[in-house]
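Undergrad: Residues per chain are reported as follows:
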Amino acid sequence: MSDEREERDDSAAGRFGAHTYQRAQGENNVSISDATVAVSDELAARDDMIVCRDVDKWFGDFQALSGITATIKEQEIVVVLGPSGSGKSTWIRCINRLEAHQNGQIIVDGIELTNDLRNIEKIRSEVGMVFQQFNLFPHLTVVDNITLAPIWVRKKSRPEAEELAASLLERVGIPEQAEKFPGQLSGGQQQRVAIARALAMEPRVMLFDEPTSALDPEMIKEVLDVMEELARSGMTMMVVTHEMGFAREVADRVIFMEGGEIVEVGTPHHFFTDPTEERTKLFLSQVL
Amino acid sequence: MDDAPGTRGAASAGPAGPVDPAVTDVAAAAAARARPPEETYRSAGEWIRKNLFSSRFNSLLTIAFGLLILFAARGLLNFVFSEERGWDAVRTNLRLIFTHAYPEEQYVRIWVCVGTLVVLTGLSLGLFARRGEGVQLKKISTVMAGVGAAIALGVILREPSVLTGADGAVVRENDDVVRQSFFEAMADRWVWWLAAAVLIVAGVVLRRAVASSKVSISSVPAVEFAVALLAVPVLSAWIYPWGHFAFVDGTFIAEPGRTVAMSTKVPWTVMWLLVVAAMALGRLMRRGFDEQQQQRMRIPLNLLWLGSPFALYWVILRDPHLEWDRVVSVDIPMGVLFGVIGAGVLWMLTRPGIGELGRIIAIVLLGVAAFNWVAAFFGWYSMLQKARLSFLLLALVALAAHNFAGEIVKRRRLVMAWLVLMAIVHYFATLMNAPSTVETPTEALIGGFAVTVIVAVFTIMLSFPLGVLLALARTSRLPIFRVMATSYIEVIRGVPLITILIFFAIILNLFLPVGMEISLIASATLGYTLFSAAYLAENVRGGLQSVRRGQFEASDAVGLSTTQRTVFVVLPQALRVSIPPLVGQMIATFKETSLLAIIGVFDVLRMANSVIPAQTQFLGIKREGLLFVSLVYWVFAYTLSKQSQRLERRLGVGER
Numbered sequence: 004m005s006d007e008r009e010e011r012d013d014s015a016a017g018r019f020g021a022h023t024y025q026r027a028q029g030e031n032n033v034s035i036s037d038a039t040v041a042v043s044d045e046l047a048a049r050d051d052m053i054v055c056r057d058v059d060k061w062f063g064d065f066q067a068l069s070g071i072t073a074t075i076k077e078q079e080i081v082v083v084l085g086p087s088g089s090g091k092s093t094w095i096r097c098i099n100r101l102e103a104h105q106n107g108q109i110i111v112d113g114i115e116l117t118n119d120l121r122n123i124e125k126i127r128s129e130v131g132m133v134f135q136q137f138n139l140f141p142h143l144t145v146v147d148n149i150t151l152a153p154i155w156v157r158k159k160s161r162p163e164a165e166e167l168a169a170s171l172l173e174r175v176g177i178p179e180q181a182e183k184f185p186g187q188l189s190g191g192q193q194q195r196v197a198i199a200r201a202l203a204m205e206p207r208v209m210l211f212d213e214p215t216s217a218l219d220p221e222m223i224k225e226v227l228d229v230m231e232e233l234a235r236s237g238m239t240m241m242v243v244t245h246e247m248g249f250a251r252e253v254a255d256r257v258i259f260m261e262g263g264e265i266v267e268v269g270t271p272h273h274f275f276t277d278p279t280e281e282r283t284k285l286f287l288s289q290v291l
Numbered sequence: 114m115d116d117a118p119g120t121r122g123a124a125s126a127g128p129a130g131p132v133d134p135a136v137t138d139v140a141a142a143a144a145a146r147a148r149p150p151e152e153t154y155r156s157a158g159e160w161i162r163k164n165l166f167s168s169r170f171n172s173l174l175t176i177a178f179g180l181l182i183l184f185a186a187r188g189l190l191n192f193v194f195s196e197e198r199g200w201d202a203v204r205t206n207l208r209l210i211f212t213h214a215y216p217e218e219q220y221v222r223i224w225v226c227v228g229t230l231v232v233l234t235g236l237s238l239g240l241f242a243r244r245g246e247g248v249q250l251k252k253i254s255t256v257m258a259g260v261g262a263a264i265a266l267g268v269i270l271r272e273p274s275v276l277t278g279a280d281g282a283v284v285r286e287n288d289d290v291v292r293q294s295f296f297e298a299m300a301d302r303w304v305w306w307l308a309a310a311v312l313i314v315a316g317v318v319l320r321r322a323v324a325s326s327k328v329s330i331s332s333v334p335a336v337e338f339a340v341a342l343l344a345v346p347v348l349s350a351w352i353y354p355w356g357h358f359a360f361v362d363g364t365f366i367a368e369p370g371r372t373v374a375m376s377t378k379v380p381w382t383v384m385w386l387l388v389v390a391a392m393a394l395g396r397l398m399r400r401g402f403d404e405q406q407q408q409r410m411r412i413p414l415n416l417l418w419l420g421s422p423f424a425l426y427w428v429i430l431r432d433p434h435l436e437w438d439r440v441v442s443v444d445i446p447m448g449v450l451f452g453v454i455g456a457g458v459l460w461m462l463t464r465p466g467i468g469e470l471g472r473i474i475a476i477v478l479l480g481v482a483a484f485n486w487v488a489a490f491f492g493w494y495s496m497l498q499k500a501r502l503s504f505l506l507l508a509l510v511a512l513a514a515h516n517f518a519g520e521i522v523k524r525r526r527l528v529m530a531w532l533v534l535m536a537i538v539h540y541f542a543t544l545m546n547a548p549s550t551v552e553t554p555t556e557a558l559i560g561g562f563a564v565t566v567i568v569a570v571f572t573i574m575l576s577f578p579l580g581v582l583l584a585l586a587r588t589s590r591l592p593i594f595r596v597m598a599t600s601y602i603e604v605i606r607g608v609p610l611i612t613i614l615i616f617f618a619i620i621l622n623l624f625l626p627v628g629m630e631i632s633l634i635a636s637a638t639l640g641y642t643l644f645s646a647a648y649l650a651e652n653v654r655g656g657l658q659s660v661r662r663g664q665f666e667a668s669d670a671v672g673l674s675t676t677q678r679t680v681f682v683v684l685p686q687a688l689r690v691s692i693p694p695l696v697g698q699m700i701a702t703f704k705e706t707s708l709l710a711i712i713g714v715f716d717v718l719r720m721a722n723s724v725i726p727a728q729t730q731f732l733g734i735k736r737e738g739l740l741f742v743s744l745v746y747w748v749f750a751y752t753l754s755k756q757s758q759r760l761e762r763r764l765g766v767g768e769r
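From first to last, the protein sequence lines are chains C and U.
For the first sequence, the working numbering puts the final residue at 291, and the numbers step up evenly by one.
For the second sequence, the working numbering puts the final residue at 769, and the numbers step up evenly by one.
Simulated from the structure, these hints should not be mistaken for lab results.
Predicted, not measured: the structure shown is a model, and the values here were computed from it.
The beta-carbon is built from N, C-alpha and C at its ideal position, and this holds for glycine as well.
Everything hinted at is true.
Just the calculated beta-carbon pair ranges, DEER-fashion:
#1 T752/U x E232/C: 47 to 57 Å
#2 I711/U x E163/C: 56 to 66 Å
#3 I445/U x G113/C: 52 to 62 Å
Given these sequences and hints, build the entire structure.
TA: If you want it as structure tokens, here you go:
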């Protein structure tokens, strides 16, 4: 196991010539590369938005994440791919502390995630999240879903928040549904409301946890369109998805995970045409 | 790719452009076609054949249980209409049953209370009852004909009447009572036959009219119909000779053959007019308001509902006598002091950027507030109860203050709310401490059914928030809350209610701080509240557990604090799920108030069970009273349960 990782890490480091640093764990003293290096210099010059260093996460005895190290730059679009159970969702959920990681560091916009409640609250209000199951509040209308957090967390006045909600609904293409309840909308519309709800907090980063997996096929496109528009507007995005088309068209970088580890990092072009790792090739042959 | 059904396709057309009207029309037509044909029966005979006698075995069941029902009905009718029944005991003592010994000359106070509730009901109905909920004329016709048929059946079922001799005594032969012949009895009951015939004919005529569409409407507004129906008993009080029965100032009045007393029919007529007027007013207001203003009207109206029990009991029913010297020298200054100092503290606690310090100050305040009560118990220093209570309230509001921090508008709103709260609390506390001017022979102000309602209402109002808090504490992440709530709930649930009641009635006063006393009814209400809260907490906990994890995650992800998450996301969903068990618990509480009879309160059960049978005129007459009391309980409990079903339906809107 550790040999394998060593080999991969070496090759990655060799290819991109990135800075390396020492792992903290004594016996496992392996140098691994920082995953940011997989992109252009222009991107590398930007500020770090999300930094993960050696993140480990166990569920009981099961290790869901092992040694995740990656940096996501400002305005970067990163798509995380991988077979189910590979830990992609767990990782993304660790970034706004829906799950607590046990080892390593996660730094979001310069704030490290620790058990300190204030840090968590601060990061959560900077990080928007969209869930597979939408998780809209079923007892509130669409507009109340969107304005709840701006009013109570951002302390906006109600008219101000409602104006914001109206403009966001316009942006996601469903301004006419404002007064409806989530249960009265189609899946695609619900997911777009969920995106608007996350955007209403004016986040610096958006996390998408399989946003289209619970949708009927004919509704996937309307959600992806919204995400694409969002990407073009300069939002930093981290997307866990099975939509290869989206990864190819929109992503700046693709991260491939398996078994709780990052297997390969690269531009979409590199990833889809010339993957280095055997496991990546196997995965691509199955899904494409 | 699966084929989306027409409606779904139309709904999801969202961003692609405006929905093509042709598409929706097609979808609507498809939906209309897709509806299953309504099951109709050509004749009543067909319905009976298909539903009651569909197989030999089912026929047997129908006949066997039909006979059972008939026998039960016959028994009940014979009991209720028997010449040996002393219904005079009930109608003479109606006032006793409902309010016990509330003094005659102050009775207008009770009518003011009823009138207030009636006006509030009328306003609520007028403003918020939905137009759409109509009663089908077809249904009305069926009910009319059905009631007529039931009356006819009842007339036939009931035994022939007992013969009485010239002295009025029952004629007996060989110890058996002698009865009229069947046909004599039937002829004697001509009024009932007439009523049955009128109802059946009216029902059939109405049905025919609806079927042949001679009547242009198919339904009438439910609320208006119910209110109009209430006019029937009210009007009959002026016309029909129900008889005048009363028990006033120790003398019994029994004058059959005339209409009911003025002191009964005038107030009820006024009540009916009030409800009509309030409803009309509500409708007028609704017409003048748009949707949003109507929604806003809910808040003051609900506050009136919430405040009415306190105001009606302490101000109207008790008519407290205020000592103005004391009010001016102690009560008002204290209220103002707490208002002003509290406002200052809250203003400071909501300063933007106060952060953790605010919470620490709030916790310290809470500690001091709790210490005040402990000190009171040991008598370390004296302090007015009002002051202790205000202190506690201040600490609790301070705990929630950080939610209002920042913007000046919100801070001002919090401070205003605090001032209003203090005004209300001090007003009522002062009134509570003032002696009542209403003189009654018992220790309690009022008895009978009124005390049942009062205890039930206060128990429900107090135990509901307590139950919710307990449920939240039990599901809290903080072990101290979890342990406290769990042990409280398990202890209370392990003790019989009657034990708790007796404990509170007898022993509570011994545990109170020196100089503090609490009335029997208040301590019983406290006992009921603590008991009921434990059960409510379990119901709410069930609701809390049904809220999906995704809701918690979504609230966390948008940055809501734990309190905000609980108040805005989790509780609304949890409470909606737990409406049926919550209402069940409320009905149980309402019925359990009959245990008041055991600890010595003159409640409605005690009236029927011991007070009336002890009157010289009605010695030993118990069953009639008990039957009547059961009926009264049932009417209230059934109404509650019906309302809860309506609430459930209404809140179901927008649910996934």
